[in-house]
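Enquirer: Position chain B with the ligands relative to chain A; hints supplied.
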Amino acid sequence: MSKLEARVGIRMPRVDAPETVAGEAMYTDDFYLPGMLFGAVHGSPIAHGRILSIDTSEAEAVTGVKAVITGRDYNHVLAGPFIKDETMFATDRVRYVGEPVAAVAATTPEAAREAASLIEVEYEDLPAVLSIDEALAEDAPVLHEDLASYFCTFEGKGTGNTLCAGDLTEGDVDAAWAECDVIVEQTYETGAQHHLYMEPSGAVAEPDRQGKVTIWSSLQSISLAQQRVAEWVNIPMAKVRMVAPRIGGGFGGKGNAHFQPAAAALALKTGRPVKLMLTRSEDFEMMRSRHPSRVHMKTGAKADGTLVAREFEVILDCGAYADDSPGVVSVAVLMGRGPYRIPNIRARGVGVYTNKLKAGAYRGYGNPQVSFAAEQQLDELAEKLGMDPVDLRLKNTMNDGDRWLGGQPVAVSSAAKCLETARDAATAAPALPDAGPDRKRGLGYALFSAPHGLLSTAANVALRTDGSIAVATGAVDIGQGSDTILQQIVADALKLDLDQISFASQDTDSSPYDWKTAASRVTYMAGQACLNAAIEAREKILVHASDLMEVAPGDLELRDGGKVGIVGIPEKEITFGMIAGRAHYQTGGPVVGASEIMFETPAVDPAVAQSKGLAFSKVGAYSFGAHAVEVEVDEVTGEVEVLRAWCVHDVGRAINPAMVDGQVIGGFVQGLGYALLEEMVWDPDDGRLANPTLMDYKIPTAREMPEIHSIILETPFGDGPHGARGVGEPPIVGAPVAIANAIANAIGKRPTVMPMKPERILDLLDGESA
Amino acid sequence: MKKVHISTTINGDEVDFLCEPTQTLLDVLRDELHMTGTKEGCGTGDCGACSVTLDGTLVCSCLVLGAEVGDKSIETIEGMAQGEELHPLQQKFIDHVALQCGICTPGLLVASKKLLERNPDPSEEEIRYWLAGNLCRCTGYQKIVEAVADAAQEMRSA
Ligand code: FES
Ligand code: FES
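Residue numbers (the working numbering), protein chains in the order written: chain A, 1 to 770; chain B, 1 to 158.
Be careful, since some hints might not be right.
Just a few of them, taken from the derived set where beta-carbon distance is under 10 Å, the chain A residues facing chain B [what the hints assert, rightly or not]: (1) Thr279; (2) Gln663; (3) Leu672.
FYI, nobody ran anything at the bench for these hints, they're computed from the structure. Every residue, glycine too, gets a C-beta built ideally from N, C-alpha and C.
Pulled out of the complex, with its shape left as it was, chain A reads as follows:
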């Protein structure tokens, strides 16, 4: 076997790792441009109020200050992915502590911060709403009085503080309850998790004399950010160039531009490059969080364990602006049945505005919240039925050809296989030594799924004059490793060594469009586009070779390292370089393969389900996973320690199993933090985030790291490159609720509030509801 034989399915290091370990990778904050100024943002100190006046004169007087800008200097342009409700700066109203009101550029970071703090804003305080209940109260102050007039991309826009509401029904739930022998009903709550990518958000913007601005910024999409900068700064997209630097993590939180347009505006105004980096606390207060949720769910089954009906309502606390919330609400609704057959469903999803920073996309996108309820209900039913919780699940898992909630066909389901694999691994593992006194062990399971198909992407693959290949895609690698994966896919299709591929960094001036690194879609969508483009280039290469070698294309084969040969005649071969020479200088023109794709399968089939008001009409292509988790609960302190986890994920085809392991283990640990430690807390008196530091907002460290077994299954799903599906999000869907089920198994009481902090566990043990 030649060393090049396998390019897909191998554990291969990241292509970008050498400069990372040398400290040479260029992240946003690592750019120092000649003449560069430093920016700072003035954020609102209050949670809700009217802006009466803004006085920037003191700020402008600070030595070194070159520009101060406020919303009054720019057109009032409302923007947002689903509901256009947000402006670059608050102009007449602030709706959360930290909301940008003005920005400054100065010759030093210190001068910029000092000037930002000297901007005088006079406010008229308005009462703030900080929770779902406060927002929905009869006499609640309304955050967006103009909601009715906002542009909206879907039918489910709400009224008052309800920004969106959608429904989905299948079967006849009301009639079905009568068929149930057991019913469980419960309300579950989950808290606000911060993405806490280790690189705080920032941007470097450089203007030129043609009125164009180039921006390097840690974001998950160059295309969405380009559009947002153009909208808010009010210049054509042709005058905005977004370039992806190395990205220090995103997890959904860096999904679209936010303060970046302000950096661009400052650069254009001063004619100098501007670097605007948020401090860690500013990032906490200004960026995004995971949606706090309240899920009320009722599920019924027959005595033999057959699931019959489920009704649920998911209410998400969306913060001050809609951002991705309508999409998150939709996905929460669509994922509320999980990978099971339950013929009668009634679901409602609601998003509400509150006076907190906006909640947005975060790894899992509504799925972890609704799964926290759904997968606990299966355990509750199993207990009532006297059944094993795994057996109950296996009795109801969807099979090949079943339909997802809403009616989308699922050609291949490996749900049962995932769960069986997790159970086998957990039960085969040697028992640990006995737990100490006052410590209880428990084992819990979760079975789950996640969608990967969403919106559009494109790729180009071009043959260069020396026979090497240039690949361009707009999909940004935010740390998960897609630059490596996409190159592996192209290398495999063309039988090249990775050294023979040049992979363009993402740049809106030259990269094809990609919507966003989100929804675990890069391998599945951009990978498919890269593969298609490589195949198209391959076909053209073979046509050239067939002319050059005077044999039919069918008698030709690609050979390792960029060659085409005649099948069965080892010595007859020509190089890609020879083909490139012919194409570029003699006939045909440069060889380019291009592919553009869109995920077009509707989520809801009206013959199966009735829906109203959901924001995503086309989303799907599901993968499956199951977690088994062993925990130990200290009954004296209430502390929960995760000891071992067996995380099974069916990725269809692991293009690079090392990257899959990275997503699984990293995602599990992030889920562990969500389950046990992490919660953004707002002061009820003034609406300030009480814990915007790493001292007060704790995430898992190497010390808490349990023993995690990543088990990869590969059931080709039929579509996706080599049958691959995504794996970025699924681990964080399963981890929290598997931990919850393990805790319930250990102590015989069920946590309904997440994070499951020690004080909540102690309340549970004391018999109070958590």
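Expert: Only chain B with the ligands this time, still in chain A's reference frame:
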């Protein structure tokens, strides 16, 4: 404020710089010397991304003032490889895919190198506890711990 003139040694090179009395060593490394391998994750001593050694002691450079480092010896990530030759820890981080976004990686490497200098044969638990001050949001740490253990073994047998 008047700038302070400091002479010190960074990765074996004599370095002179001017800094404000309020600037941290991290600010000096990045903003003044443009040695950007040392990263800022928090600026408050809570994440370890800015780890360097100062006269052999592992410190968060965001908690040290630039004005304090005169006549000391500072080691940063930029000094870890010997020219083209990577340190065994760097190579093992690559081989084990012990990094994703990589923003935590320089700090983790500097901290791990210090660990292995003090303790060439750490247990898995000792590695985890030593690295508990270096946060990583992407990897879940397991591959990092494996990479450090593997590098330790290789360095012992070298
Ligand atoms: S930046 Fe110094 S510890 Fe985080
Ligand atoms: S690799 Fe991203 S924070 Fe560690």
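Enquirer: Which earlier hints can't be squared with this structure?
Expert: none
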